[in-house]
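Mind the numbering: the sequence shown is residues 46 to 170 in the working numbering, read in order.
A portion of the hints provided could be inaccurate.
[Said to hold, decoys possible] Okay, derived cross-link-like pairs now, DSSO-like style, lysine-lysine, Cα gap no bigger than 27 Å in a straight line: (1) 142 / 153; (2) 109 / 133; (3) 153 / 109; (4) 101 / 156; (5) 133 / 153; (6) 109 / 123; (7) 156 / 133; (8) 142 / 101; (9) 142 / 117; (10) 153 / 141; (11) 123 / 156; (12) 84 / 123; (13) 84 / 101; (14) 84 / 142; (15) 142 / 109; (16) 84 / 141; (17) 142 / 156; (18) 106 / 84; (19) 133 / 123; (20) 141 / 156; (21) 117 / 153; (22) 101 / 117; (23) 106 / 141; (24) 156 / 84; (25) 133 / 106; (26) 84 / 133; (27) 153 / 84; (28) 106 / 153; (29) 141 / 101; (30) 123 / 101; (31) 101 / 153; (32) 117 / 84.
[Claimed, not checked] Pair ranges (Cβ atoms, derived): (33) 97 / 126: 32 to 38 Å; (34) 148 / 87: 34 to 40 Å; (35) 138 / 91: 15 to 21 Å.
In case anyone wonders, no lab produced these hints; they're calculated from the structure.
Source: prediction; values computed, not measured.
Yeah, the Cβ is synthetic: ideal placement off N, Cα and C, and Gly gets one too.
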Amino acid sequence: MKISILAIAFILFSCNDAKKEVTNDKSGIEKQEVAASYKTIEVEIEGMTCEIGCAKTIESKLSKTEGVTYSKVNFEEKVGQFTFDENKISQEDITKKIAGIGGGALYKATKIIEIEEIKVFDENK
């Protein structure tokens, strides 16, 4: 009986013998600021037939897209304004996203006008 207790104790202690070396050296890591490049464009959108079903759907889909920080669609003028980070998404991606809503047969982004360009330092990266 004593031998089995000693054997179990030996096995338990020998399994826990592995040493883990943890280093907490942060001297080699530098925090880097990445400049976000925000651009606002105005896009003429063809194919909208109603304000709630069309304009709000486009606005909602684009506002949920990564990189888009502002999305507003004016149904009466058939125009959408979108502010986005060029490091995450492009103008072409936005127009493709508009065209792809509803299976790709409903909307078409035609004329794109650049409104302004804003440079902001993003410290979260």
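Next on the checklist: So if I understand the rule, the pair passes when the alpha-carbon distance is 27 Å or less; does residue 142 with residue 109 pass?
Outcome noted: OK: residue 142 and residue 109 at ~11 Å, within 27 Å.
Checklist entry - For the pair supplied as a hint, residue 142 and residue 101, is the alpha-carbon distance within the 27 Å limit? => result holds, 14 Å
Next on the checklist: Please verify whether residue 84 and residue 141 have alpha carbons no more than 27 Å apart.
Outcome noted: This hinted pair holds, its Cα atoms lying about 17 Å apart.
Checklist entry - Holds or violated: residue 142 with residue 153, Cα cutoff 27 Å? => result Within the cut-off at roughly 10 Å; holds.
Next on the checklist: So if I understand the rule, the pair passes when the alpha-carbon distance is 27 Å or less; does residue 123 with residue 156 pass?
Outcome noted: holds, 11 Å
Next on the checklist: Does residue 123 sit within 27 Å of residue 133, going by the straight-line distance between their CA atoms?
Outcome noted: holds, 26 Å
Item to check | 27 Å Cα cutoff - pair residue 106, residue 153 | outcome: The hint holds at about 15 Å.
Checklist entry - Does residue 153 lie within 27 Å of residue 133 when you go C-alpha to C-alpha? => result holds, 22 Å
Next on the checklist: I want to verify a distance hint. Is the separation of the beta carbons of residue 138 and residue 91 within 15 to 21 Å?
Outcome noted: Since residue 138 and residue 91 have Cβ atoms about 19 Å apart, the given range 15 to 21 Å holds.
Next on the checklist: Please verify whether residue 153 and residue 84 have alpha carbons no more than 27 Å apart.
Outcome noted: Since the Cα atoms of residue 153 and residue 84 sit roughly 21 Å apart, the hinted pair holds (cutoff 27 Å).
Item to check | Whether the CB-CB distance between residue 148 and residue 87 falls inside 34 to 40 Å | outcome: violated, 25 Å
Next on the checklist: For residue 106 and residue 141, compute the direct alpha-carbon distance and say whether it is at most 27 Å.
Outcome noted: Between residue 106 and residue 141 the Cα gap is close to 12 Å, so the pair holds against 27 Å.
In this structure, the earlier hints numbered 33, 34 are contradicted, and the remaining ones agree with it.
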